[in-house]
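Colleague: Now for the letters of each chain:
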Amino acid sequence: MRAEQNQLLTQTDPGTPMGELFRRYWLPALLADELPEPDCAPVRVRMLGEKLIAFRDTQNRLGLMDEFCAHRGVSLWFGRNEEGGLRCSYHGWKYDASGQCVEIPSEPGNPKLCQRVKLKSYPLVERGGVLWTYMGPPESRPPLPEHEWAMVPAANRFISKRWQECNWLQAMEGGIDSSHVSFLHRHTMKVDPMFKGATQSHKYNLGDLAPHFEVVESPGGLYIGARRNAENDRYYWRITQYVLPSFTLIPPRGDHPIGGHCWVPIDDENCWAWSTNHHATRALTREEREAMEAGKGIHVPLIPGTFRPVANKDNDYLMDRRAQTEGRSFSGVEGFAMQDASVQESMGPIQDRTKENLVPTDKGIIMARRLLIAGAEGVAKGIRPPGVDPAHTRVRSASVILPKDVAFQEAAERALLPEPGSAHATV
Amino acid sequence: MRAEQNQLLTQTDPGTPMGELFRRYWLPALLADELPEPDCAPVRVRMLGEKLIAFRDTQNRLGLMDEFCAHRGVSLWFGRNEEGGLRCSYHGWKYDASGQCVEIPSEPGNPKLCQRVKLKSYPLVERGGVLWTYMGPPESRPPLPEHEWAMVPAANRFISKRWQECNWLQAMEGGIDSSHVSFLHRHTMKVDPMFKGATQSHKYNLGDLAPHFEVVESPGGLYIGARRNAENDRYYWRITQYVLPSFTLIPPRGDHPIGGHCWVPIDDENCWAWSTNHHATRALTREEREAMEAGKGIHVPLIPGTFRPVANKDNDYLMDRRAQTEGRSFSGVEGFAMQDASVQESMGPIQDRTKENLVPTDKGIIMARRLLIAGAEGVAKGIRPPGVDPAHTRVRSASVILPKDVAFQEAAERALLPEPGSAHATV
Amino acid sequence: MRAEQNQLLTQTDPGTPMGELFRRYWLPALLADELPEPDCAPVRVRMLGEKLIAFRDTQNRLGLMDEFCAHRGVSLWFGRNEEGGLRCSYHGWKYDASGQCVEIPSEPGNPKLCQRVKLKSYPLVERGGVLWTYMGPPESRPPLPEHEWAMVPAANRFISKRWQECNWLQAMEGGIDSSHVSFLHRHTMKVDPMFKGATQSHKYNLGDLAPHFEVVESPGGLYIGARRNAENDRYYWRITQYVLPSFTLIPPRGDHPIGGHCWVPIDDENCWAWSTNHHATRALTREEREAMEAGKGIHVPLIPGTFRPVANKDNDYLMDRRAQTEGRSFSGVEGFAMQDASVQESMGPIQDRTKENLVPTDKGIIMARRLLIAGAEGVAKGIRPPGVDPAHTRVRSASVILPKDVAFQEAAERALLPEPGSAHATV
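Chains as they are written, first to last, in the numbering used here: chain A, 1300 to 1726; chain B, 1300 to 1726; chain C, 1300 to 1726.
Please note that a few of the clues may not be correct.
Below, in silico cross-link-like pairs of lysine-lysine (DSSO-like), each with a Cα-Cα straight-line distance of 30 Å or less [unchecked claim]:
1) K1612(B) <-> K1612(A)
2) K1612(B) <-> K1350(A)
3) K1350(B) <-> K1411(C)
4) K1495(A) <-> K1417(A)
5) K1417(C) <-> K1612(A)
6) K1350(B) <-> K1612(C)
7) K1417(A) <-> K1662(B)
8) K1411(A) <-> K1662(B)
9) K1662(C) <-> K1703(C)
10) K1703(C) <-> K1495(C)
11) K1350(A) <-> K1489(A)
12) K1417(B) <-> K1419(A)
13) K1662(A) <-> K1417(C)
14) K1612(C) <-> K1612(A)
15) K1419(A) <-> K1460(B)
16) K1419(C) <-> K1612(A)
17) K1460(A) <-> K1411(B)
18) K1662(C) <-> K1417(B)
19) K1460(B) <-> K1662(B)
20) K1662(C) <-> K1502(C)
21) K1654(A) <-> K1411(C)
Rather than coming from a laboratory, the hints here were simulated on the basis of the structure.
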């Protein structure tokens, strides 16, 4: 890869091609419970290189706007969230949830001045326990996305987010790269409460350590199929969903909830890693919910009051060499998410892709990059990118057993583009 | 404002126009008790982007000079302050308080070599509990300034300094911006021991929340008048003093001491905030002094052994959201100074003034910037800037009640340019 | 010195002239006990601006290679050191000690792919308690060096290393600068267990505080002679060895072991300071070894688990002003090494040599810089630099008493270029 391509893929500040592509999608901005009630504390939001402030006003309206007061640049994080707006604590200028200035106390007789002042703002909408925003041109704004994890009843899902200290792309590339699972996560898969017990799945996975990958375009991104041998002249397929710009779904195992991710750039050297679990047809059990709250599965224990993992690069992810050499852990780092984060962050703040050596199992990564570059170039020409249409987000990952002579994307079509409320296709 | 103007106003390293303007004034460098006795420990001083070392020699002479030994660049902070000079601990080169090298131990037979070595140095003079320096061309050096707080008996004043983590200008602009007082400091004013009890003052201040500002040039800077309605067809005027380059005096309330500030650039992203209280005609009471030592009024509790406030940007200024929402504090930050510092530092290391939206109450800020730009441009042409003459510093802030039909600067002239030893004009 | 010369001398990243000079020598990379046994934990190595990983494989082979996996750039520090190679924990790619990829698990049928993948690697060889590497062109690789401290029996030597937070050159210049000893280390020399008791040496050193320096080229660098008056029309000579690029030996005192240093650039603003003590003809005593382990002599107490000194720039080197003013320490910093490190680091990350004022006692520094510049320029022209030949490293420092009318390098030749196993020439 040339350095210019790596820059194009990794830079998402305003005005960059990839930044403009990201700005065509609704993206997770906050957990709904970060703004739990009217007039609660405002929250700083950093996304796509922009510094924003989010708040929930007295009338329960959600606002997401420029963090800094239009007057003299003071952070509205210090503001007062009161009586239908956020009031700067310096001179009392007040803004409503749309960013419109509604009061300049020193100029009571000059309403026009006040009307002319409006902060840059973005819509902020709650769906599925997440507050979503759209940061692109209003005329291109699509309907809200319909990722299944956001559409099922609250009892059927669990969502967390964590700060990851590297560029979004190397994080996301881990999410569409099923081939690392048998290595990095080898031991964790057997013992983690969110994975263990899927005996059929484990049998196939451990029975064939060199799966064949087939990747095909889907309406909103990619179907990434990993094929292993099964009994009776059949294949065991694990099909990962990738939906632009950065949503993924992990193929299910047994009756476990489906896991998914979304990576949202904070700036070019940091991203939010969103992790979701949901079950299409049942509520999560108390054991499942407690395990996820304790940081099991794809979730992580966080430093209280922050979204930074307890295991992080400043403490070498609490790497346990003895656990590694004694075979209790493949990498010595505990938990799926921190295993991923540790290796991904170790690549440096922005992976230098001019030095990599890709192999056939990286096919999903290669095709995702192509879709992203094409999408960014398309946006510059006025073309709507894949994944914007809500229908493109109504997809599901699947693990299925199919005859050898069929194309997985056709044979598993109903599993990949399911009827809402239907059961997961899983082995 | 154009970006070039913002740079001109905020950059004070050697060779910058604003740096040259600052170098025409005596500026506070250290508290006198930072160098408490002969041969005490030398102190690192960072001012206007220069790294200096201050010391008090055996004969009680004060020195302020380049921090680094002329020989091989070692910091003289590690030096020995002994027998009339500061000796580098590496090879024993010794300097007197003027920066003159007085001994090169390895070259006892070569006094000329030693004589040729002289560190850049600046005068350091004690006045009013402060060690002042002048960093400009010797031929332009004015007499010492006569700010009243530095001229009254020691018993009548209290001085502190703190590190503020932003450019000097946004800090100083807070000091000449009376309009924020009714917001940011609204509650603190009622409860702080250094402010409370001035019932007349509070009555007028709360009775008219949209004061009218009149700003006029003074000999050394600006008179910034804030006018509110009083009884009997009269006005209540609060008149702030601004003296170039960065001295301000807050209008008094009742018999409370007058408060003042000076902001001295450390580098372009940090400054020293000096805070003074003094009373022209009486000693401070024990209660007043204890309150100020405890960080009340315009002073702050500091991390012991440092000049960094206990509440600072790394802990979000110990913001107390409950105090804010319950109305015990307007901003949730405790204390006048940290309320100011929190909003000013939140603008970023250097406020981007190309994005601001000024209003009529910012008149003082606008005029101060004009004076500063004119002063810097004048210095480049050899013109002496305002505020250099000690007479320009013999000013006082005031709060007065005046008939409606008089110009405040004329009617209050004796309050603003007082006889030394006279009482404050205060309401 | 011109800024370009300072850059040339201080920059050692790949492709820089000084970096290419350093790459013609075997350099200490790790203490042997950092890789204590087969399949132990790999260790990150930063040298000359390169990020490397060192490991000892199952067969006891030592490897030093690019830290990052050739596949997708993951740090091999997270890898598994097992079965004759280091396996990346992400996708299981495995490398042997030469950096050759020996397994790509996802491509079992494609051995050619694997053979084409080879990480940049350097030889890593144990000698004298140290793992040495050579980072230059293979065709220019010389035989291993034979510094005496690395050749004596293990019982006769002690080696430590510490992280120094400045450019390598200002650290090394302290090592060839005998003239600072009478100042910076004045008191420590009298009380440190590794120095005290050398009464003859102290008598001469304190009897003549302005020694005369004579510096002459040696086969591999410089002989730096410091001459003081002795009895009977004779001179007391202390002769420091400097061997390119950055090895020094301190003249011995009495029967104490000889001390030595080597400075290895980590990057341009950090270096490793290696400290060695050895005795040519006897084992170190238990008292000597315990003292060095406790951080006495030229060694330092380290923060456990790191190579960072307990006294460092973040705590002002635990400077004790009272010890300084009361004369128990010249600089107030404890220990030879931290006295050196404190003044050297205080020069800034890279000393600005355009501002220094050198004097005759800096002759060794001046000549060392000339050798380094000439060496770097020579390498660019294909000329083998001094110090590369192992014979150039078979040198020893000495302290001797000589008649006044002889050239020290000739009269002391046998002391400076000794027979292996002979006794130190010392006073």
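Colleague: Next step is simple, just say for each hint if it's right about the structure.
Modeller: Going through the hints against the structure:
1. K1612(B) <-> K1612(A): Satisfied, since the Cα-Cα distance of roughly 23 Å is no more than 30 Å.
2. K1612(B) <-> K1350(A): holds (17 Å)
3. K1350(B) <-> K1411(C): Status violated; Cα separation ~60 Å.
4. K1495(A) <-> K1417(A): violated (53 Å)
5. K1417(C) <-> K1612(A): holds (27 Å)
6. K1350(B) <-> K1612(C): Holds - the C-alpha atoms of K1612(C) and K1350(B) are around 17 Å apart, at most 30 Å.
7. K1417(A) <-> K1662(B): holds (22 Å)
8. K1411(A) <-> K1662(B): holds (19 Å)
9. K1662(C) <-> K1703(C): holds (21 Å)
10. K1703(C) <-> K1495(C): Holds, at roughly 28 Å.
11. K1350(A) <-> K1489(A): violated (41 Å)
12. K1417(B) <-> K1419(A): violated (56 Å)
13. K1662(A) <-> K1417(C): Holds, at about 22 Å.
14. K1612(C) <-> K1612(A): holds (23 Å)
15. K1419(A) <-> K1460(B): violated (38 Å)
16. K1419(C) <-> K1612(A): Answer holds: K1419(C) to K1612(A) is near 25 Å, not above 30 Å.
17. K1460(A) <-> K1411(B): Outside the cut-off at roughly 69 Å; violated.
18. K1662(C) <-> K1417(B): holds (22 Å)
19. K1460(B) <-> K1662(B): holds (27 Å)
20. K1662(C) <-> K1502(C): holds (25 Å)
21. K1654(A) <-> K1411(C): Given pair K1654(A), K1411(C) holds - Cα atoms ~19 Å apart, limit 30 Å.
Hints 3, 4, 11, 12, 15 and 17 from the list above are not met by this structure, while the remaining hints are.
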